[in-house]
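Given next are the chains, with one letter for each unit.
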Amino acid sequence: MKRRDFIHKASIGAVLPTLFGKYNAHTLATSPWLNSLMATETDHVLVIVQMFGGNDGLNCVVPVDQYNNLATARNNILIPENKLLPLNGISQTAFNPAMEGMKQLFDEGKMHIVQGVGYPTPTFSHFRSTDIWMSASESTENIYSGWIGRYLQSEYPNYPTNFPNTAVTDPLALQIGAQVSLTLQGVQTPMGMSISADGIFYDVGDESDLFNVTGYAGVQLAHIRQVAQQTFKYGGVIKAAYNRGENKTTYPTLNPLADQLKMVARLIKGGLKTRVYTVSMDGFDTHADQILTGDVTAGRHFTLLTTLSTAITAFQRDLEQLGLADRVLGMTFSEFGRRIRSNASLGTDHGTSGPMFLFGTKLFGGFTGVNPTIERNPDISANVPMQYDFRSVYASVLKDWFCVDSTTLQTIMLRNFQPLRIVNSPSCITPTLDLGQKDAVLIENYPNPFTFATTINFHTEGGHTMIQVFDVEGRLVATPINADYVAGAYKVWFNTEGLPTGVYYARLQNGATTQVRAMLKVK
Amino acid sequence: MSLLPYTGVFGKEQLIHLLKRTTFGAKKRDMIAFSNNTLTETVDALLSPSAASLTPLPPVKNYYDPANNPDSEVLPGKTWVDTQDNARSNFRRSQSFRAWWYGLMLQQEATILEKMTLFWHNHFPDDMDERSAIMGYINNKTLRTNALGNFKTFVRIITLDPMMLRYLNGGANNVLAPDENYARELQELFTLGKGPNSKYTEDDVRAAARVLTGFQISPQVIGYPFQAVFSPTRHDTGDKQFSAFYNNRIVHGQLGADGAKELDDLLSMIFEQPEVSLFMCRKLYRFFVYYKIDEVVERDVIEPLALIFRDANYELKPVLKALFTSAHFFDTAFKGAIIKSPIDYVVGLARECAVSLPQIDLMDFASIQKAYEAWLSFHNDTNYGAAAQRQAVGNLPNVAGWDAYYQEPNYYRIWIDSETYPKRIKFGENMLNDTNLVKIDAIEVTKQYDSVRQITSFINDVLMHFYSVSASPNFKDRLRNILLSGQTDDHYWTDAWDAFVANPSASNKSVVETRLKAFFQAVILRPEFHLM
Chain A
1 MKRRDFIHKA SIGAVLPTLF GKYNAHTLAT SPWLNSLMAT ETDHVLVIVQ MFGGNDGLNC
61 VVPVDQYNNL ATARNNILIP ENKLLPLNGI SQTAFNPAME GMKQLFDEGK MHIVQGVGYP
121 TPTFSHFRST DIWMSASEST ENIYSGWIGR YLQSEYPNYP TNFPNTAVTD PLALQIGAQV
181 SLTLQGVQTP MGMSISADGI FYDVGDESDL FNVTGYAGVQ LAHIRQVAQQ TFKYGGVIKA
241 AYNRGENKTT YPTLNPLADQ LKMVARLIKG GLKTRVYTVS MDGFDTHADQ ILTGDVTAGR
301 HFTLLTTLST AITAFQRDLE QLGLADRVLG MTFSEFGRRI RSNASLGTDH GTSGPMFLFG
361 TKLFGGFTGV NPTIERNPDI SANVPMQYDF RSVYASVLKD WFCVDSTTLQ TIMLRNFQPL
421 RIVNSPSCIT PTLDLGQKDA VLIENYPNPF TFATTINFHT EGGHTMIQVF DVEGRLVATP
481 INADYVAGAY KVWFNTEGLP TGVYYARLQN GATTQVRAML KVK
Chain B
1 MSLLPYTGVF GKEQLIHLLK RTTFGAKKRD MIAFSNNTLT ETVDALLSPS AASLTPLPPV
61 KNYYDPANNP DSEVLPGKTW VDTQDNARSN FRRSQSFRAW WYGLMLQQEA TILEKMTLFW
121 HNHFPDDMDE RSAIMGYINN KTLRTNALGN FKTFVRIITL DPMMLRYLNG GANNVLAPDE
181 NYARELQELF TLGKGPNSKY TEDDVRAAAR VLTGFQISPQ VIGYPFQAVF SPTRHDTGDK
241 QFSAFYNNRI VHGQLGADGA KELDDLLSMI FEQPEVSLFM CRKLYRFFVY YKIDEVVERD
301 VIEPLALIFR DANYELKPVL KALFTSAHFF DTAFKGAIIK SPIDYVVGLA RECAVSLPQI
361 DLMDFASIQK AYEAWLSFHN DTNYGAAAQR QAVGNLPNVA GWDAYYQEPN YYRIWIDSET
421 YPKRIKFGEN MLNDTNLVKI DAIEVTKQYD SVRQITSFIN DVLMHFYSVS ASPNFKDRLR
481 NILLSGQTDD HYWTDAWDAF VANPSASNKS VVETRLKAFF QAVILRPEFH LM
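If you read the protein sequences in the order shown, they are chains A and B.
When we follow this note's numbering, the leftmost residue of the first sequence carries the number 1, and every step to the right adds one.
When we follow this note's numbering, the leftmost residue of the second sequence carries the number 1, and every step to the right adds one.
It is possible that some hints are incorrect.
As the list claims (entries may be wrong) - Derived pair list, reagent style SDA-like, types lysine to any residue, alpha-carbon separation capped at 20 Å:
no., chain 1, residue 1, chain 2, residue 2
1, B, 292, A, 52
2, B, 199, A, 225
3, B, 426, A, 215
4, B, 426, A, 232
5, B, 476, A, 212
6, B, 426, A, 125
7, B, 194, B, 326
8, B, 476, A, 121
9, B, 199, A, 141
10, B, 194, A, 141
11, B, 194, A, 235
12, B, 426, A, 322
13, B, 199, A, 125
14, B, 199, A, 139
15, B, 426, A, 212
16, B, 292, A, 215
17, B, 199, A, 476
18, B, 292, B, 401
19, B, 292, A, 218
20, B, 283, A, 125
21, B, 292, A, 188
22, A, 233, B, 292
23, B, 199, A, 502
24, B, 194, A, 139
25, B, 141, B, 199
26, B, 426, A, 326
27, B, 292, A, 187
Stated by the list, open to error - Partial list, computed: chain A residues near chain B (C-beta under 7 Å):
no., residue
28, 141
29, 179
30, 194
31, 195
32, 213
33, 217
34, 220
35, 223
36, 230
37, 232
38, 288
39, 485
It should be emphasised that the hints constitute simulated quantities derived from the structure, not laboratory data.
Positions of the beta carbon are idealized from the N, C-alpha and C atoms, including for glycine.
Sequences and hints are given; from them, build the entire structure.
The structure is reproduced here in structure tokens:
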């Protein structure tokens with residue numbers, strides 16, 4: 001039984017009053033011992049890799065079955081089909097030639113790719129979109145805490161008061177080589193701290209005779225004092241873990257991401273009980289020179305993907321040799337994908353959805369979702385349609401990797417998101433129902449093209465079923481279906497009066513299953 | 001509602017607040033120079049940089065490495081800014097540029113120019129390392145000469161700045177495939193912002209990108225710097241329709257060289273939006289006053305400032321003057337409410353401690369090398385300089401600038417975390433302990449205070465100068481203990497100082513110096529010193 005369950009059960013029965021009778025709720029809540037008891041016991045580690053700038057997913061996980069249409073849309077940057085890296089047992093999708101290591105991980109079943117990940121009504125601003133991904137908010141709302149911050153807060157509600165303590169000696173989350181990102185921000189306080197990637201730790205003395213400063217200056221001063229003390233408090237355990245730890249593989253040099261991941265592996269090996277590590281690399285904003293003039297297989301994006309792939313592969317191999325592979329799950333994200341059409345500066349402009357990579361030994365290898373459908377001659381503003389909300393991926397990781405129960409999950413994620421079948425770890429009790437991706441057509445519309453209205457036919461396995469309609473830029477224009485259904489076939493009449501002509505995507509979501517149907521409105 | 005002027009006492013405390021916010025640290029020399037001035041006189045002086053500071057001599061070649069990297073086009077000690085761009089030498093030149101810039105900040109006059117130049121560097125970011133040190137220098141010249149000028153003119157100039165044309169792909173933007181990068185950030189980050197009333201659309205981004213098609217960076221020819229040129233064949237000559245936010249304005253397509261004039265139509269249209277003045281006043285406010293802008297601050301400070309800005313046709317000086325002479329700016333609530341940026345910390349520390357810097361003799365290459373190395377030590381990773389503390393000039397994290405100036409909810413607090421704080425401490429420690437190229441001389445710091453013989457006044461004067469918040473009685477006691485080595489009579493300190501002044505022998509010097517070193521270490525390495 002998990003410790004959290006014990007507390008939950010204990011609080012229902014008669015144990016509580018006798019055991020805790022003389023304490024009020026406040027003392028209970030601030031007791032480090034109880035805090036540690038509240039938290040789920042796990043040795044699982046999550047490593048989040050941020051790819052800042054907006055990664056061009058179509059040049060990364062290439063939809064070979066769409067190659068002809070892709071060739072008309074992005075002829076000047078498209079990698080020749082025979083240069084792409086084929087994937088074991090997969091004919092319709094291939095990798096960019098820079099991703100040799102990641103291809104091997106995929107072939108070994110150590111990589112899971114979720115296709116077409118995005119969110120409704122996307123923004124094209126790097127900063128807003130990064131905030132949305134880190135906070136796990138709707139694009140229409142501003143949330144000033146991060147999804148991991150809220151997760152850790154659900155586990156350690158009183159942090160940072162009385163931390164570290166005898167039960168929790170180590171940082172809850174670490175950002176390597178950059179400031180603590182919004183991802184790790186709790187509702188009141190950052191739930192993580194940051195360290196350099198170069199292994200330098202400092203001893204910083206703290207001072208206790210603190211003078212109470214109030215007002216705005218007091219807010220700032222309290223923060224600096226907290227960091228000063230934390231640095232001092234956690235410096236020792238981090239340094240000790242670093243000294244105890246080791247790396248067993250050679251990491252690529254001149255690769256900042258590899259430096260960061262190398263540090264992560266070493267700290268885990270050294271016994272640091274930190275649950276979440278965040279690392280990052282930037283440069284994915286490839287408006288120009290995505291490829292080298294005259295050589296589509298070289299250039300900025302190729303270099304970026306080489307950096308990414310060699311770093312992740314070295315890290316995974318290191319974990320395997322260190323005997324840590326079953327404890328660590330990796331996940332990448334980028335604030336958006338890029339347009340389907342390339343521009344004339346040999347680059348691509350800001351887009352919407354893209355693939356997410358998850359890596360490790362405890363996952364189901366392969367794909368969730370299908371290749372995006374590329375239209376014959378897509379509009380300059382056309383985007384990869386969304387298949388999965390990124391928050392469904394987060395929810396899956398929290399639920400199946402960190403065993404977060406459904407009620408808490410909804411609190412952390414702010415809404416209900418259907419988990420996907422990604423993590424293959426039996427430690428959490430309820431496995432996700434395996435619906436998988438159906439070959440059968442689950443959603444279609446007639447007539448198509450249409451001028452005024454169309455009827456959407458869909459099939460549900462039962463339970464919550466949703467149909468969202470997006471325009472080519474990913475803006476949510478309608479949600480014709482959003483309710484619980486008994487398994488079966490249904491239809492809904494979709495009136496498009498007032499909408500401009502063009503391509504629309506109807507996205508069906510039923511459990512882990514989604515299907516996207518392209519619909520064309522004409523004059 | 002107009003902005004209320006400050007009518008209270010303009011004394012030492014207010015002067016320190018004003019100087020810490022508008023220059024790097026409150027330099028004692030400047031405090032003395034302004035001590036008899038009124039607030040208006042002081043602010044007028046702060047807003048009047050000399051011609052020499054607006055157009056300083058350019059950076060020079062401070063490196064000489066014939067075996068590995070000769071950069072033989074430039075003689076040692078001569079400037080490289082007007083030579084051919086050279087990828088092999090770009091890193092050396094970039095470091096030369098950075099050293100030069102730090103030299104200007106460290107040796108700044110008592111004006112707001114250096115702070116404003118940094119403000120604009122954050123507002124119009126660049127990434128010199130991947131591009132060109134020559135462009136970095138041209139860009140800096142633009143920021144510097146327009147820092148206190150007309151914002152609308154400034155935006156036009158920066159739009160065609162070679163670094164900006166490269167950084168945000170404006171130079172690649174053409175009729176066949178408009179590149180939206182600059183058109184988006186022009187609106188989102190440079191002029192209108194993303195406030196609730198900034199309602200330009202995605203279609204506006206596209207239309208603006210079309211307006212901006214055709215500008216390119218001229219190929220570099222010896223003797224001619226990089227500059228923008230307009231290629232009519234790359235320009236989209238169609239009409240550009242804007243949204244209701246811009247009153248459905250159409251920027252009419254122009255043929256031939258006239259296509260370049262559409263830029264002015266676009267900027268006029270953008271600058272007709274009051275949101276520009278509001279956004280910029282919020283940005284200045286967050287840089288100079290505090291990050292929190294609630295309804296009251298918006299109504300009582302931002303809106304009046306924005307009105308001044310619009311009435312002055314986007315001249316910057318009237319806005320800055322109104323802000324720095326306002327009652328709001330001197331509200332004690334804002335004292336100490338800003339966490340110093342790394343540059344504020346490292347440069348301010350040097351200036352408040354009156355460190356001596358190596359002087360340059362342009363005929364003596366060794367002196368140039370030494371001075372540039374000293375200046376660069378304030379930036380370099382290896383010295384735990386500002387770059388190690390996550391503020392690297394010429395290499396901003398991204399096009400929005402440093403997130404301490406925009407990222408909710410933490411703002412300035414982002415500067416300080418468990419990675420950067422130890423580096424700040426290390427930088428201060430090294431400077432105090434003679435391990436840096438530029439050293440703090442505890443005795444020279446002390447000589448700044450007339451009250452040095454009276455221990456209580458001395459402690460109070462130092463803390464008033466170095467801290468923007470109160471220090472605890474316990475801490476003051478500890479400082480007293482350091483100077484008195486635990487004794488209780490104040491005169492032990494007075495006697496020791498007097499003995500040193502009368503006869504600065506090695507032993508007399510060491511008595512005061514060891515104590516003063518520990519004293520300033522205690523003051524500087526505390527969290528309070530990071531506030532201003």
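- Query: For this structure, which hints from the list above don't hold up?
  - Reply: 1, 2, 3, 6, 7, 8, 11, 12, 15, 22, 23, 25, 26, 28, 37, 39
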